[in-house]
Amino acid sequence: MTTILQPDHATIPGVSKPGTSRTARRGHGLSDRTIAWLFVAPTIALLLAINIFPLIWMIRLSFTNLNLSMSYLPLRFVGLDNFRDILTDEDVWFRLQTTAQFVISSVALQVVVGFGLALLINRQFRGHSFWTTIILLPMMLSPAVVGNFWTLLLQPQIGPFNYLISLFTGVPPSSFSMTGQVSLAPWTIVLVDTWMWAPYVMLICLAGLRSIPDYIYEAAEVDRASAWRQFWSITLPMTVPFLMLAVLFRAIENFKMFDMVNLLTSGGPGSTTELVSISLKRAAFEKWRTGYSSALAIILFVTVFGAANIYVKTLNKVKQR
Amino acid sequence: MTAAATKSTAHSIVEASPRTKAFAGGLVILYAVITILPLLWIVATAFKSQSDAIAYPPKVIFEPTLEGYVNLFTVRTRQTPDFIAKLPPPQTWYDQLVRKRDMVIAGPSKVVPRFVNSLIIGFGSTFLAVFLGTLAAYAFSRFRIPLADDLLFFILSTRMMPPVAVAIPIYLMYRQLNLTDTRLGMILLYTAVNVSLAVWLLKGFIDEIPREYEEAALVDGYTRLQALRKVVLPQAVTGIAATAIFCLIFSWNEYAFAVLLTSGEAQTMPPFIPFIIGEGGQDWPAVAAATTLFVVPIVMFTVLLRKHLLRGITFGAVRK
Chain A
0 MTTILQPDHA TIPGVSKPGT SRTARRGHGL SDRTIAWLFV APTIALLLAI NIFPLIWMIR
60 LSFTNLNLSM SYLPLRFVGL DNFRDILTDE DVWFRLQTTA QFVISSVALQ VVVGFGLALL
120 INRQFRGHSF WTTIILLPMM LSPAVVGNFW TLLLQPQIGP FNYLISLFTG VPPSSFSMTG
180 QVSLAPWTIV LVDTWMWAPY VMLICLAGLR SIPDYIYEAA EVDRASAWRQ FWSITLPMTV
240 PFLMLAVLFR AIENFKMFDM VNLLTSGGPG STTELVSISL KRAAFEKWRT GYSSALAIIL
300 FVTVFGAANI YVKTLNKVKQ R
Chain B
0 MTAAATKSTA HSIVEASPRT KAFAGGLVIL YAVITILPLL WIVATAFKSQ SDAIAYPPKV
60 IFEPTLEGYV NLFTVRTRQT PDFIAKLPPP QTWYDQLVRK RDMVIAGPSK VVPRFVNSLI
120 IGFGSTFLAV FLGTLAAYAF SRFRIPLADD LLFFILSTRM MPPVAVAIPI YLMYRQLNLT
180 DTRLGMILLY TAVNVSLAVW LLKGFIDEIP REYEEAALVD GYTRLQALRK VVLPQAVTGI
240 AATAIFCLIF SWNEYAFAVL LTSGEAQTMP PFIPFIIGEG GQDWPAVAAA TTLFVVPIVM
300 FTVLLRKHLL RGITFGAVRK
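Going down the list, the sequences are from chains A and B. Going letter by letter, the first sequence gives residues 0 to 320 in numbering that gives the first Met the number 0. Going letter by letter, the second sequence gives residues 0 to 319 in numbering that gives the first Met the number 0.
Since no wrong hints were added, every one of them can be taken at face value.
Covered, in the sense of this in silico footprint (three residues per stretch, anywhere, with C-beta under 8 Å from a C-beta of chain B), are these stretches of chain A:
{"no.": "1", "region": "38-48"}
{"no.": "2", "region": "55-61"}
{"no.": "3", "region": "130-140"}
{"no.": "4", "region": "246-256"}
{"no.": "5", "region": "297-310"}
To give a feel for the contact side, a few chain A residues facing chain B, derived at Cβ under 8 Å:
{"no.": "6", "residue": "Asp31"}
{"no.": "7", "residue": "Phe124"}
{"no.": "8", "residue": "Leu152"}
{"no.": "9", "residue": "Ile157"}
{"no.": "10", "residue": "Phe284"}
It should be emphasised that the hints constitute simulated quantities derived from the structure, not laboratory data. Each residue gets a CB set at the ideal place from its N, CA and C atoms; glycine is no exception.
With the sequences and hints as input, model every part of the structure.
Structure, rendered in structure tokens:
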């Protein structure tokens, strides 16, 4: 039986109540309360040191003009200037638009391919387990390495991809470049991302499909519901919470996308595939505009965080239905 | 089941008909084959000569050579045929292979140190993350911790930040602490990223262990720590192993932090592989050889993890 679990203590049976059965033998060893804090503290301390302290530092920097390539300039507090510059910069909005297009089209494609595959695999044909494992391989690989080797596969002349396309369509293989052409590059990153992550959606959907008890279908059979009707009234609604979870994870990951695209197109040609993370990397680690890029990083973080929160709330509502 | 009953379920989703099964199987196998082709192409490219690797049209049938692997592990210099003729005869098969291209091996390449970095940083951060994660997960699972849900959400939220955004202050902080381009710095950073996954996954695994076992041990006079070590941990071993593999895979595959915060000493494989350069650009057979060696452990782990994969990729939100 498959379930979606939430961090909810109420669902865990018998949460320890201090001062009950174990008080009697607290004579030796540490008290539960001490152990609890000793166990949680190192993790929290590490996260405070590596995540929260730098984040607070970054918030401070976002109000300054710090530029590491011109560190001779006196550090000056500029108030909200960086935020104003970013939010009024057309380029930034353009990058955000590019990112949104990438996120929406790749997640949509992955949902279609992943859900389709899950429906097919759920037929339990012979050897389905082996083939599922094969399909899962791409998502386990390093995105950077994937981006890198796809550049070879997609080379206009020497790459097998264009050659295969020309075998099927007759278009000369050197007449188009998947990574070098403004009209194709945005689709190329969607294509490679889908190759990599459609299995992810598939795996989650498969869990959803398997969580539907057989007796519901059996009842539908008794009522002579058509297969089509069964899909729309049973399969799809009962898989929706799982689909939404997959969409949430994929959308966050793709919004953060840096590695695969950086190696596949490095934002090019021009800036057609310059996702917001790549843009941030350029501002922070090539132009060394630390103050400005800190502000951009904070805007991005607030965006992901806010969107994820809203989404999780919606997800919980869907689940309760 | 009677014939009539079988017929009535023929189009059912409960038990698909043989024809539906064959059709579904065919489509899935077709997709699997398409999905695996790029990987097979890379494995094959590793056994191509430089000219076969960039031949037009792309070569499916070629004479296999180990040149790619030799190039991956060595640094070579081009020499005149006269110079090579004067040298003593080649000592090894790889010397011979290199000399056929009018080159001489000048020394080992950087691939081994990079691989070692990947191993040290991968295992170091995995060990720390799993250790800290197990303790925290046990506490969250068994004790009443004030604001537990908020703390758990905080732990998870640290993973939602884009790595490039996190790298900006980390870069400044590491510069102050002399941790830039050090293995220790990368281990700490990867531990912080992995610990969120470890806490969430392990809490799920420990939640599944019945509390009665520990309570029996406590009644028998064990202390909490003894009960944890002798009762809970042995039960959680599979979960801990699965969590460790997920952490290891993350550290092994990570690129953004590695490329922004290391340049030499502590560089791992992912930022190194794309920059294996031959004469005139990327040395594709060598890049493909490095990719193959890099990916093989991941393939093995995927097969090992198959049962826990779903859990790992959803932070324990979906279980089977």
